[in-house]
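Protein chains: 2
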Amino acid sequence: MYQGAVQELIDELGRLPGIGPKSAQRIAFHILDADPEDMKRLADAIRIVKDKVKFCKICFNVTEQETCNICQDPRRDETIICVVEESKDIVTIERTRSFRGRYHVLGGAINPIGGVGPEQLHIRELITRLGDEKIQEIIIATDPNLEGEATATYLARMLKSIGIKVTRLASGLPVGGDLEYADDVTLGRAFEGRRSLVG
Amino acid sequence: MYQGAVQELIDELGRLPGIGPKSAQRIAFHILDADPEDMKRLADAIRIVKDKVKFCKICFNVTEQETCNICQDPRRDETIICVVEESKDIVTIERTRSFRGRYHVLGGAINPIGGVGPEQLHIRELITRLGDEKIQEIIIATDPNLEGEATATYLARMLKSIGIKVTRLASGLPVGGDLEYADDVTLGRAFEGRRSLVG
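From first to last, the protein sequence lines are chains H and G.
For the record, in the first sequence the residue sitting at position 167 is 167 according to this note's numbering, with numbers rising by one throughout.
For the record, in the second sequence the residue sitting at position 99 is 99 according to this note's numbering, with numbers rising by one throughout.
Hints were generated in silico from the structure; no laboratory data involved.
As the structure is a prediction and not an experimental result, all values here were calculated from the model.
Some hints could be false.
Identical chains blur together in the list; that is why a pair holds if it fits in one copy or across any two.
In silico lysine-lysine, DSS-like type, Cα no more than 25 Å apart, as pairs [claimed, not checked]: (1) Lys40 / Lys160; (2) Lys165 / Lys40; (3) Lys22 / Lys54; (4) Lys22 / Lys160; (5) Lys165 / Lys22; (6) Lys54 / Lys160; (7) Lys57 / Lys88; (8) Lys52 / Lys165; (9) Lys22 / Lys52; (10) Lys160 / Lys52; (11) Lys134 / Lys40; (12) Lys54 / Lys88; (13) Lys52 / Lys134; (14) Lys52 / Lys88; (15) Lys40 / Lys52.
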């Protein structure tokens, strides 16, 4: 145990995700040794994010205004919505430049063990958008894991009853990967989703 | 890339040791979602550490006063100094309760590639202590790696010429470990440092 302020900092750092006690200690000592100006910038960045950053009124993406850049952009296709779990997924998808529609951030995935049910996610707001906006297709881009799949299944069932086109991102072999290292489930999906090359 | 404040926070977090771009992003989104009071405490902890924590005038351990708890404690043996690289090594050694003397923090180890020479470490201050205090033994507890060994060798040579008893922590097999998994160098050291059990 350290004295007062150092231990306090180690405790606070240790509450961040992916930071164990050893990393917290290492970062705390880095902060101790670092340039005071740099560390003031770090503390300010935390404060400013909490003060200024909000969630888009339409899609729940992070933004410093009422609505996010993407929802404000008239060049984006407003007939198609890509549903993601988190704001950071939007950045990942935007980087690929394969999608020019709009987004909807659920704020997580259905996880009964973790106590996250559909009512904790921004699903009701998605339904409201379907009434207000002229949407023709919903692409479900939740993570290809247990929770993401459960969420996709839940959404697909609900949206089908409304009568809207619902698609899911393809699962299969990663491009540039090696067949030998593919796991069984992924390889199974790659077979299921196989595409015709000729004709 | 994110907008303004979020990207700024990701950048600042990414400058911390052991935090890559993915972790920085993950922590930034955690900060966004977290309770504002908790995040205020984190920002304050950083600020307070930079404002209040100093280095002990005698041994360079971290402290919120002029001298650290250990240097102030009259029950500590003042004839023996344990030389460590960093303040955090003191915490590790204190936890074992195997040492009741005082410490001296070098502030790193000699590392020619990283541009750290003896003059960047608190070696001069250690020599001054040898003149002022009634020290009989110096235990060198730098890390058992390349830089730590180089520092130990440098210190041992210098201190021997002054005519003081210099010792080094034993290297050998970790207790509770398995001979099979010991690396060659450690096993070699264990042989060199073998101790007589009978007689």
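Indicate which option fits the pair lysine 52, lysine 165 if close means a Cα-Cα distance not exceeding 25 Å: within, between, both or neither.
-> neither (36 Å within a copy, 60 Å between copies)
Between lysine 52 and lysine 134, at a C-alpha cutoff of 25 Å, which is it: within one copy, between copies, both, or neither?
-> Cα proximity of lysine 52 and lysine 134: none, with 31 Å in one copy and 58 Å across.
Within, between, both or neither: lysine 57, lysine 88 at alpha-carbon 25 Å = Within. Shortest intra-copy distance 17 Å satisfies the 25 Å Cα cut-off; inter-copy 46 Å does not.
Status of lysine 54 relative to lysine 22 across identical chains (alpha carbons, at most 25 Å) = between (32 Å within a copy, 21 Å between copies)
Within, between, both or neither: lysine 40, lysine 52 at alpha-carbon 25 Å | Answer is both; intra-copy 18 Å and inter-copy 14 Å each pass.
Given identical chains, is lysine 165 near lysine 22, meaning Cα to Cα at most 25 Å, within a copy, between copies, both, or neither?
-> neither (49 Å within a copy, 33 Å between copies)
Please work out whether the CA atoms of lysine 165 and lysine 40 approach to 25 Å or closer within one copy, between two copies, in both situations, or in neither?
-> neither (50 Å within a copy, 44 Å between copies)
Is it within, between, both, or neither for lysine 52 and lysine 88, if the alpha carbons may be no more than 25 Å apart?
-> within (18 Å within a copy, 36 Å between copies)
Pop the pair lysine 54 and lysine 160 into one bin, within, between, both or neither, using alpha-carbon distances up to 25 Å.
-> Classified as neither; 31 Å inside a copy, 63 Å across copies.
Copy assignment of lysine 40 with lysine 160, given that the CA separation must stay at most 25 Å | For lysine 40 and lysine 160, the Cα distance exceeds 25 Å both inside one copy (51 Å) and across copies (44 Å).
Within, between, both or neither, where lysine 22 and lysine 52 count as close if Cα-Cα is 25 Å or less = between (32 Å within a copy, 22 Å between copies)
Pop the pair lysine 160 and lysine 52 into one bin, within, between, both or neither, using alpha-carbon distances up to 25 Å.
-> Neither. Shortest intra-copy (38 Å) and inter-copy (60 Å) distances fail the 25 Å Cα cut-off.
In terms of the numbered hints stated before, the structure departs from hints 1, 2, 4, 5, 6, 8, 10, 11 and 13, listed from lowest to highest.
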